[in-house]
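**Student:** Below are the chains, spelled out letter by letter.
Protein chains: 2
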Amino acid sequence: MRATRLGKREEGGSSYAYLRRLDEQMKELAEDNFTNEVLATFEDAESARFKEIMQSLIRHLHTFVREVQLTEEEWFEAIRFLTRTGQISDDNRQEFILLSDTLGVSMQMIGVNHSKPSGATESTVVGPFYVEGAPECKNGDDLANGAPGEPCFVEGQVRSVSGGPIANAHLEVWQADDEGFYDVQREGLSEVQDRGQLTADENGRFWFWTVKPASYPIPHDGPVGGMLKAAKRTPWRPAHIHFKVWASGYETVITHVFEKGDKYLDSDAVFGVKDSLIADFVRHQPQTAPDGTEMDKPFYTLTYDFVLAPRA
Amino acid sequence: MRATRLGKREEGGSSYAYLRRLDEQMKELAEDNFTNEVLATFEDAESARFKEIMQSLIRHLHTFVREVQLTEEEWFEAIRFLTRTGQISDDNRQEFILLSDTLGVSMQMIGVNHSKPSGATESTVVGPFYVEGAPECKNGDDLANGAPGEPCFVEGQVRSVSGGPIANAHLEVWQADDEGFYDVQREGLSEVQDRGQLTADENGRFWFWTVKPASYPIPHDGPVGGMLKAAKRTPWRPAHIHFKVWASGYETVITHVFEKGDKYLDSDAVFGVKDSLIADFVRHQPQTAPDGTEMDKPFYTLTYDFVLAPRA
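Protein chains in written order, with numbering that gives the first Met the number 0: chain A, 0 to 311; chain B, 0 to 311.
The set of hints was computed from the structure by calculation and includes no laboratory data.
Mixed in with the good hints there might be a few duds.
Identical copies carry no separate label here, and so any pair may be met within one copy or between two of them.
Straight-line distance between alpha carbons at most 27 Å, and here's what the computed DSS-like set of lysine-lysine pairs gives [stated by the list, open to error]:
#1 Lys26 / Lys243
#2 Lys50 / Lys231
#3 Lys50 / Lys273
#4 Lys259 / Lys273
#5 Lys296 / Lys50
#6 Lys50 / Lys262
#7 Lys273 / Lys26
#8 Lys115 / Lys26
#9 Lys228 / Lys50
#10 Lys137 / Lys296
#11 Lys243 / Lys228
#12 Lys231 / Lys137
Owing to the predicted nature of the structure, the values given are computational and were not obtained by experimental measurement.
Could you build the full structure based on these sequences and the hints that come with them?
**Tutor:** Shown next as structure tokens:
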């Protein structure tokens, strides 16, 4: 297509303008040829999938560079940004996940992977604070384990899209406390807080105690924080509890339940909110909790059911 | 455009196929809408240029994710790859530059920035081994400073595209030695080797001694090496000397001079070779060198002139 454009002389153009356009078109052709040269070096890749991914990535990166006419200074700033993003990451902090989340790349990836049948619980970002191997708990346990915040009783049922309960479904729960921190963000904390794995009962029912989570700013003292600041974006996320729910024969769902009424629901820094994931955290005065616990201070209750789709 | 496609029913399609297509189109629309939502968060960025760059980057990243239908596992592998790429980088190693170089992003960026007038010396990648503050040397000095390899006498002239010499032009030189290593790659080396800054004389002439560089594999014990291996690509670069040449009123040029006849000229791992940058490294038996030095062992000579374009 470029070849037919080349040399096409518009009526009325001056010779100089014509030569200049020709020069620009030659340059574009050379840039296209260069991209093709790079793509060709992935032709013999050991896997067809790797080749597909790398060639698409290279096409987009090259087009991006040309589209914005990236300068050497900007390129080097990007090199430094990416290097810092890797170097600030450790066992307790994952700045590249935060970058993917804040650019909407994570939610876009989730969108292409989780085309759910109607009624199934929607997925959202896993976020940077998931830690493998949360403690095994049982229904009724207090997952807070001393984390600060008002008590919150969470209950619900895991069901199939066809309506029936999923007996012995597994749940993994993690969340920030009332001060907006995950346990891994608290230096010197030797115990796991606000994390746990549960198994639902024979009716797919689960219940546990925790603390009501607070909305919080994502870590913004690193490269991603600098990016948000330059964009004049807020680092805040609405209050939520993370859930991973799985059962044999069903698609695993990784999601959050958000607090209805939170002022950051419309400006979540990681674009994770979906209407179906918003639920009421109801505050109660001291009284008997749903599991029979006599509460001598105010507490919250949250009821949320998870609906799994059969594995494709 | 999507809106007009939506609901268009092809002749002869079954109702089921029609509904399925409609469903896919709705999904695409939702994904587009999501990308627009992310783009909108950069609308108030503190600089118009930052907004332009980030919005283009986000568009391409989202399209890439959709185009290859990136899975969660692949996404997480990418997160780990990028994290390792940052973490293996330090004062002596820059793996993100290596990544940019091996994906042709660096050369694409150089292509859009250095549209040279005819006759000017072409640019190529800066590479990951440039170190600021190379020692100040003078014409005739030996930059090798003990690096292994056969002596090589380099001389040339810095000229303007209009033909005249550029008096007192500055040059910075860095290169690998005969074993294919830069000084920064040699652990425990306390001295700078094969690096230096020079000032050309009043006729734009420069000359110095060094060792003849060898072709070498780029560092491939890290994430970039893994990527090259998966692509079945060679990590080798043809032998070359790096030059940065600058003078007041002229565009700075960062480039290499490659050895004619090197077997990796057509498969440079970082796509840096241009025909105009290939030159003869001529080997001589013991004799008097061009600067009058009596050589009692074989040596090389390289003659290469640099031609600078006036600053735009």
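**Student:** At most 27 Å between C-alpha atoms: does lysine 273 with lysine 26 qualify within a copy, between copies, both, or neither?
**Tutor:** between (45 Å within a copy, 15 Å between copies)
**Student:** What label fits lysine 50 with lysine 262 when the C-alpha limit is 27 Å: within, between, both, or neither?
**Tutor:** Answer is between: at 26 Å across copies they meet the 27 Å cutoff, but 44 Å inside does not.
**Student:** Within a copy, between copies, both or neither: which one fits lysine 50 and lysine 273 at a CA-CA cutoff of 27 Å?
**Tutor:** between (34 Å within a copy, 26 Å between copies)
**Student:** Given a CA cutoff of 27 Å, do lysine 137 and lysine 296 count as a within-copy pair, a between-copy pair, both, or neither?
**Tutor:** For lysine 137 and lysine 296, only the intra-copy Cα distance (24 Å) is at most 27 Å; the inter-copy one is 81 Å.
**Student:** At 27 Å max between alpha carbons, let me know whether lysine 296 reaches lysine 50 within a copy, between copies, both or neither.
**Tutor:** Classified as neither; 60 Å inside a copy, 49 Å across copies.
**Student:** How do lysine 50 and lysine 231 come out at 27 Å by Cα distance, when the copy is not named: within, between, both, or neither?
**Tutor:** Between copies only: 11 Å across, 37 Å inside.
**Student:** From the Cα coordinates, with 27 Å as the cut-off, is the pair lysine 259 and lysine 273 best called within, between, both, or neither?
**Tutor:** This pair counts as within: shortest intra-copy Cα distance 11 Å, inter-copy 61 Å.
**Student:** One pair to classify: lysine 228 and lysine 50, alpha carbons no more than 27 Å apart. Within, between, both, or neither?
**Tutor:** Between copies only: 12 Å across chains, 36 Å inside a chain, cut-off 27 Å.
**Student:** Indicate which option fits the pair lysine 231, lysine 137 if close means a Cα-Cα distance not exceeding 27 Å: within, between, both or neither.
**Tutor:** Result: close neither inside a copy nor across copies, 44 Å intra and 50 Å inter.
**Student:** With identical chains treated as interchangeable, where does the CA-CA distance between lysine 243 and lysine 228 reach 27 Å or less: within a copy, between copies, both, or neither?
**Tutor:** neither (31 Å within a copy, 35 Å between copies)
**Student:** Regarding lysine 26 and lysine 243, is the shortest C-alpha distance of 27 Å or less found within a copy, between copies, in both, or in neither?
**Tutor:** So lysine 26 and lysine 243 pass the 27 Å test across copies only (24 Å; inside, 51 Å).
**Student:** When no copy is specified for lysine 115 and lysine 26, does a C-alpha distance of 27 Å or less occur within a copy, between copies, both, or neither?
**Tutor:** Cα proximity of lysine 115 and lysine 26: across copies only (11 Å, versus 46 Å in one copy).
Of the numbered hints given earlier, the model fails hints 5, 11 and 12; all others are met.
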